[in-house]
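2 protein chains.
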Amino acid sequence: MNERTNESAQSRSENVTWHDSAVTREAREERRGHRGAVLWFTGLSASGKSTLAVEVEKALFRGGYFSYVLDGDNVRHGLNGDLGFTAVDRTENIRRIGEVAKLFATSGALCLTAFISPYRADRDRVRELMSRSRDFVEIHVSCPVEVCEERDPKGLYKKARAGEIPNFTGIDAPYEAPEGPEVVVETNVYDVEACVEQVLDYLKNHGYISSESRLRAVSG
Amino acid sequence: MNERTNESAQSRSENVTWHDSAVTREAREERRGHRGAVLWFTGLSASGKSTLAVEVEKALFRGGYFSYVLDGDNVRHGLNGDLGFTAVDRTENIRRIGEVAKLFATSGALCLTAFISPYRADRDRVRELMSRSRDFVEIHVSCPVEVCEERDPKGLYKKARAGEIPNFTGIDAPYEAPEGPEVVVETNVYDVEACVEQVLDYLKNHGYISSESRLRAVSG
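The listed protein sequences derive, respectively, from chains C and W.
If you count the first sequence from 1, you need to add 61 to reach the numbering used here.
If you count the second sequence from 1, you need to add 61 to reach the numbering used here.
With the rest of the complex left out, here is chain C (with noise of 0.2 Å):
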């Protein structure tokens, strides 16, 4: 009910003021059995962030928790249908990106992204953009490039090469690394079920989660 119609540019979301609708966070995660965040996967084409996003939330499915990816295929073509790949367009994708992220932590769900996002500052960004500082995990998904330039699962780095794909992160673009992630998976040492264990263990030892399944919980 706080639409209005004002067509000053300075009117832009004055009066609006937030606040948790009335059921409040802590009572949802108190009823999900887990806390909501955002699991923040960042890391090179081919490093391997999709496939760990994929695996860790099938992980907490198992084990009765309640998550959701957001990933280049759900987002490009929807809510950022309309951004290209300029720096301001890339700036504003991973923005809206950190805002539906933190509209899903606040509803108690355990948000996992998966965006090469290569920018520090669009990153800082979004963890800033968080209620509470605990709501941003930042997982670096660490792969040499050497590494996901041979994986190359859909010949971008291919085509890169070839100068088909200008400003290609690795390549002619750079990628700033996390210099304080909560987690660094090397997805070229470990593979895939131990980079899940690895990810898995945080939650647990930091209390996003606990150590029995919640399943067994609920059925014990």
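A portion of the hints provided could be inaccurate.
Copies of the same chain are indistinguishable here, so a pair counts whether it falls within one copy or spans any two.
Subject to a maximum C-alpha distance of 25 Å in a straight line, what follows is the list of computed SDA-like cross-link-like pairs (lysine to any residue) [said to hold, decoys possible]:
id: 1; residue 1: LYS265; residue 2: ALA83
id: 2; residue 1: LYS215; residue 2: THR85
id: 3; residue 1: LYS215; residue 2: ALA83
id: 4; residue 1: LYS119; residue 2: ALA83
id: 5; residue 1: LYS219; residue 2: GLU207
id: 6; residue 1: LYS219; residue 2: ASP185
id: 7; residue 1: LYS119; residue 2: ARG92
id: 8; residue 1: LYS219; residue 2: HIS138
id: 9; residue 1: LYS265; residue 2: ASP252
id: 10; residue 1: LYS265; residue 2: SER192
id: 11; residue 1: LYS265; residue 2: ARG212
id: 12; residue 1: LYS119; residue 2: GLU91
id: 13; residue 1: LYS215; residue 2: PRO205
id: 14; residue 1: LYS119; residue 2: ALA223
id: 15; residue 1: LYS119; residue 2: GLU254
id: 16; residue 1: LYS265; residue 2: LEU190
id: 17; residue 1: LYS119; residue 2: VAL206
id: 18; residue 1: LYS220; residue 2: TYR236
id: 19; residue 1: LYS265; residue 2: GLU116
id: 20; residue 1: LYS119; residue 2: ARG86
No lab work stands behind these hints, which were simulated from the structure alone.
Add chain W to chain C, keeping to what the hints say.
Coordinates of chain W only, in the frame set by chain C:
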């Protein structure tokens, strides 16, 4: 991993295919014990949209269902903080809300939205975004503008009459009532409890939620 850098406009969102994450929507819905869907509340300012959405959510939560309210308060500050109130921005506002609501529905949640959303074309576009037609439940929160103006809890009608808010829906901008909404609640005729019951009855009668409380089903 579908992110890449490309300055050409024609490349927007190409080579990007929608996929559900490995945990299927059906599996989520089975686990949650209800369908994911968007409950889209539309109506004049002060018609009772937010009140009703929050009360429906409280009832859903008591029943053990997972829902989340998107309204001006948590969207205008964040995701749509860059948008003003011009016609173009209002359309983009509704588009983004529709896309986010779709993501919540896909995650298996019941997503309640409370926005005036005065234009039929904007709402119909959101309906068409959905991957299943029944994902969109349009709820017309109907109340004569005179009654809304009398309520005027935020003094917005008063400001609009004083010319301080141009293009105010119902005063000097149109409200296009839904032509075939799934539910019409008349907040000037029935009290909040009755309107909430009406929405819940629709959800039960059309298989979105079960007639039994989900919590009772779990504990019983």
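*Just pull the numbers of the violated hints for me, sorted ascending.*
Per hint list: 6, 11, 14, 17 violated.
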